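Hey, can you work out the whole structure from these sequences and the hints?
First to last, the sequence lines map onto chains D and L. When you line the first sequence up against full-length UniProt numbering, it's residues 1 to 112, in that order. When you line the second sequence up against full-length UniProt numbering, it's residues 1 to 801, in that order.
Some hints could be false.
As the list claims (entries may be wrong) - Here chain L is said to cover these stretches of chain D; the calculated rule only asks that three of the stretch's residues, wherever they fall, bring their Cβ under 8 Å from a Cβ of chain L:
#1 36 to 45
#2 58 to 72
Stated by the list, open to error - No farther apart than 25 Å at their CA atoms in a straight line, the calculated lysine to any residue pairs in the SDA-like style are these:
#3 K789/L <-> L35/D
#4 K51/D <-> I634/L
#5 K711/L <-> L7/D
#6 K50/D <-> M632/L
#7 K50/D <-> I670/L
#8 K708/L <-> L103/D
#9 K648/L <-> V11/D
#10 K58/D <-> T679/L
#11 K711/L <-> L103/D
#12 K292/L <-> K549/L
#13 K50/D <-> Y744/L
#14 K104/L <-> R158/L
#15 K789/L <-> Q96/D
#16 K520/L <-> R158/L
#17 K51/D <-> V626/L
#18 K58/D <-> T770/L
#19 K51/D <-> W524/L
#20 K50/D <-> I635/L
#21 K51/D <-> V669/L
#22 K648/L <-> L35/D
#23 K50/D <-> N747/L
#24 K789/L <-> T94/D
#25 K50/D <-> E630/L
#26 K50/D <-> A621/L
#27 K520/L <-> V490/L
#28 K50/D <-> K708/L
#29 K50/D <-> F738/L
#30 K50/D <-> L633/L
#31 K50/D <-> V626/L
#32 K58/D <-> I670/L
#33 K51/D <-> E627/L
#34 K58/D <-> V669/L
#35 K51/D <-> G754/L
#36 K708/L <-> R107/D
#37 K648/L <-> L103/D
#38 K50/D <-> S619/L
#39 K789/L <-> A91/D
Calculated directly from the structure, the hints in this document are not laboratory data. This one's a predicted model, so the numbers in the text were calculated from it and none came from an experiment. Don't be surprised by glycine CBs; every beta carbon is placed ideally from N, CA and C.
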Amino acid sequence: METLMILLIGVLIAVATYLILSKNLIRVILGTAVLSHAVHLLILTIAGVKKGNVPLLKEADAPYTDALPQALILTAIVISFAVTAFVLVLAYRTYQSNGIDDLDGLRGPENE
Amino acid sequence: MTINLAIVIPFIMAAIIPFIYRRFPKIHIGWIVLLVPITLFVMLLRLVPSVAKGDTYSHTYNWIPSLDINFTTYLDGLSMIFGLLITGVGSLVILYSIFYLSAKESLQHFYCYLLLFMGAMLGVVFSDNLMVLYAFWELTSVSSFLLIAFWHHRKASRAGAQKAMLITVTGGVSMLVGFIMLHMMTGSYSVHEIIHNVSQYTDHQLFIPAMVLILFGAFTKSAQFPFHIWLPDAMEAPTPVSAYLHSATMVKAGIYLVARLTPVFGGDAVWFWLVTAVGLITLFWGSFNAVKQTDLKALLAFSTVSQLGLIMSLFGMGSVAFKLGYSDSTIIYTQATFAALFHLVNHSTFKGALFMMVGIVDHELGTRDVRRLGGLMSLMPLTFTVAVIGSLSMAGMPPFNGFLSKEMFFAAAVHMRDLDIFSLSSVGVLFPVVAWIASIFTFVYCMIIIFQAFFGKPYEHSDGRSIHEAPIGMLISPLILCVFVVGIFVFPNVLGQYILKPAMTSIYPGFAPADVLAPKIYAWHGINTELLMTIGVVIVGLLLYRKLKTWKPVYRLFPYRFSFNELFKSLLEGLESGSNKMTAGYMTGSLRSYVLYIYVFFIIAVGGFFFMSGGFAYSSANDAPVEIYELMLIIVMLLAGVSMLFVKSRLTAILLNGVIGFGVSIFFVIFRAPDLALTQLVVESVTTVLFLLCFYFLPEWKREDSSKSVKISNAVVAGAVGALVVVMSFAVMYYDEFDSISAYFENAYELAGGANIVNTILGDFRGFDTMLEVVVLFIAGLGVYTLIKLKVRKGDTDVED
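This is the structure we're talking about:
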């Protein structure tokens, strides 16, 4: 299971990297979104999957699944959501101000 | 204790001066500021008798004891001289500035900077801890920068300030490195501990580097050749500043450091040659260049450079005594140091007076160009008196104090011939020769000051205004200094015994009895080599002055473009354009480049290290079994991911991203993470809606029109990153040397009173992290809100860009 998951994550990361390297603003943002999905999965997978019960003390018996990566990911999900929302609005403003969504056209006055 | 206060008081005053200024706009703020140096001067003066007896005062405030950095003040003979100069000349300069600067200038800034400087300078001379000394040292550079640029609307002021700052701070940083090396050798930042222990370290491999680096700092600060170029440019400062910082005090900080560290490095050949040779070259070059100046202030600047070189070289000559050891025949060599200290005081008196004199001329006439000046003797008799006394003292003529120290300088230079250490037997004869030639030029430029400005055809204002003597307030300070110039000549031994003797014992601690180190000074000691040399200086100097016009073309042999000034300028410009080009080379403004740097670095550094260290490992022994529905989910996500690269419509791309997101949340369910699954579901829904909302405003995406090579390189990088993550994850999975720390959190119910472990980690164990996470969320929310609400106002479009 872990092997398969890691391969999936590798593909997702490659896709995300390719999207981030492209010129279109929306592709870049989509790339970051995919990247955060991949990383969340990676953290969870590396800790080992399906090795224990749900980490709820009263509901299940030991052994429990490692709870620490879950806490990390929960934080990461919220932060990546905040960042994605911010970047999306930034993209919207950029387009509104400059009329383009091509990153090559947004290099600042001295580089164009 | 009092000494700590003496350092702190100017800083406190500097802080409250602006408030006083606002409170009492009627009074010239200088009068209040004047109280500070006078108080401190009197305070120090009261300590003179006990310091003369050999007492020292030391007080320590622990500051950063773990780093061996403490605010330790130390008052001995050497710091006493400088303390008196700083506060004494400081008082006179402030008194003078009250009349020099009109109330229209921004006086609160001027006096604030001046007090800052005074505090910093006192800090330099009273600090025993090298790190604290360094901090104050840089502070003097900063306050000097602020004062030079006081008239910052003038381009030359700004340029001069920048030059001074760049050169002195460069030296300061190198000095810092030297100090750290000293600490590495001796394990102490305290100057006195280092002096005490240094004999064990003279063979240490860092001994010479530390010495050279510290000297670099001292030379830049004291405007020694070839770093002297900043001092003439610093003359753009208001004249009180030039008189105070750039002749009497700050430029002597380097000399102070050399004097203070003479017991540490003295006796070493490198120290002797560096200090003496640089000093002598500076002495000659400064006096030689002073003659060609037409601006009186520039002339004085070069003469200051030259005199600083003289003092510096004397300290170098005096350091041979450490090599020779104490005996009746070698004590003569310590006299060079004695002469250095003596001339240090004398120079502050006559040069301070001369600067103030030039300030008066400039103030009354609006020019200080010797080609236009003339005949001021009868118009400004008092100013003329100051000029004559100051110039003749500088030229080394009796009956002024400059004569005494100049004679002692000649004596020291002559004695150097007799030594046969440090290969002096072959080149020692050069010492008196250079000293003599430099003194001739000194004599010539002193004549220029007197004759060209005060004799000859009277100067006339172009608008016919009458010229008259300066207000008495401006004359008090230079006249007091002139009284000292004459007074020290008449009673040199008062100064010698009370001020110079204790300083000698602090430079030569335990070397010889104090009375031997500081002999009596006599104006007349028979006809000897020194006197003959002085007579020669006068005769040749007068001849050269008479024939000035015929030999002045000699200066054209030094074209401007080969000067150090030009070198500095081209170096600075080259550095600027070079770094601009370099930055422009990689800061392309394109996001792709920046991201590419990060990825390529990741691949090369992390991946390279990974493979070089043979970190690859793989084992599927611990893998959990794969169910068929899991396999299907993996395939769906794979397809969604890969097809994102090829879809034509952005709507499809968003939906595919949604597919991946919801796939992730299903995996969270499978992997026993219910909280994650819930959060992911909510967040993914909101994100998708957000994406869709934004897409409404953005245009449909076009096909990527990048060239094939760009696409291929992107693909290669992306593939490499993905592959690297995969192999590294395998290695991490394989590695199980450490136990999981999660067992601790499984006590959640006892420790935090919660049954949901994940929740207790977030809400209790790492509660602060979660709080800050909320802050991040809040800031992002603010950002989103502002970006949506922010309207481009009319006329603001340029700023938006």
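Hints, verified against the model:
no.	hint	in the structure
1	36 to 45	holds (count 6)
2	58 to 72	holds (count 10)
3	K789/L <-> L35/D	29 Å, violated
4	K51/D <-> I634/L	19 Å, holds
5	K711/L <-> L7/D	23 Å, holds
6	K50/D <-> M632/L	17 Å, holds
7	K50/D <-> I670/L	8 Å, holds
8	K708/L <-> L103/D	18 Å, holds
9	K648/L <-> V11/D	20 Å, holds
10	K58/D <-> T679/L	21 Å, holds
11	K711/L <-> L103/D	15 Å, holds
12	K292/L <-> K549/L	11 Å, holds
13	K50/D <-> Y744/L	20 Å, holds
14	K104/L <-> R158/L	20 Å, holds
15	K789/L <-> Q96/D	12 Å, holds
16	K520/L <-> R158/L	47 Å, violated
17	K51/D <-> V626/L	13 Å, holds
18	K58/D <-> T770/L	24 Å, holds
19	K51/D <-> W524/L	102 Å, violated
20	K50/D <-> I635/L	19 Å, holds
21	K51/D <-> V669/L	14 Å, holds
22	K648/L <-> L35/D	21 Å, holds
23	K50/D <-> N747/L	21 Å, holds
24	K789/L <-> T94/D	14 Å, holds
25	K50/D <-> E630/L	12 Å, holds
26	K50/D <-> A621/L	14 Å, holds
27	K520/L <-> V490/L	13 Å, holds
28	K50/D <-> K708/L	44 Å, violated
29	K50/D <-> F738/L	20 Å, holds
30	K50/D <-> L633/L	16 Å, holds
31	K50/D <-> V626/L	10 Å, holds
32	K58/D <-> I670/L	20 Å, holds
33	K51/D <-> E627/L	15 Å, holds
34	K58/D <-> V669/L	18 Å, holds
35	K51/D <-> G754/L	22 Å, holds
36	K708/L <-> R107/D	22 Å, holds
37	K648/L <-> L103/D	19 Å, holds
38	K50/D <-> S619/L	17 Å, holds
39	K789/L <-> A91/D	14 Å, holds
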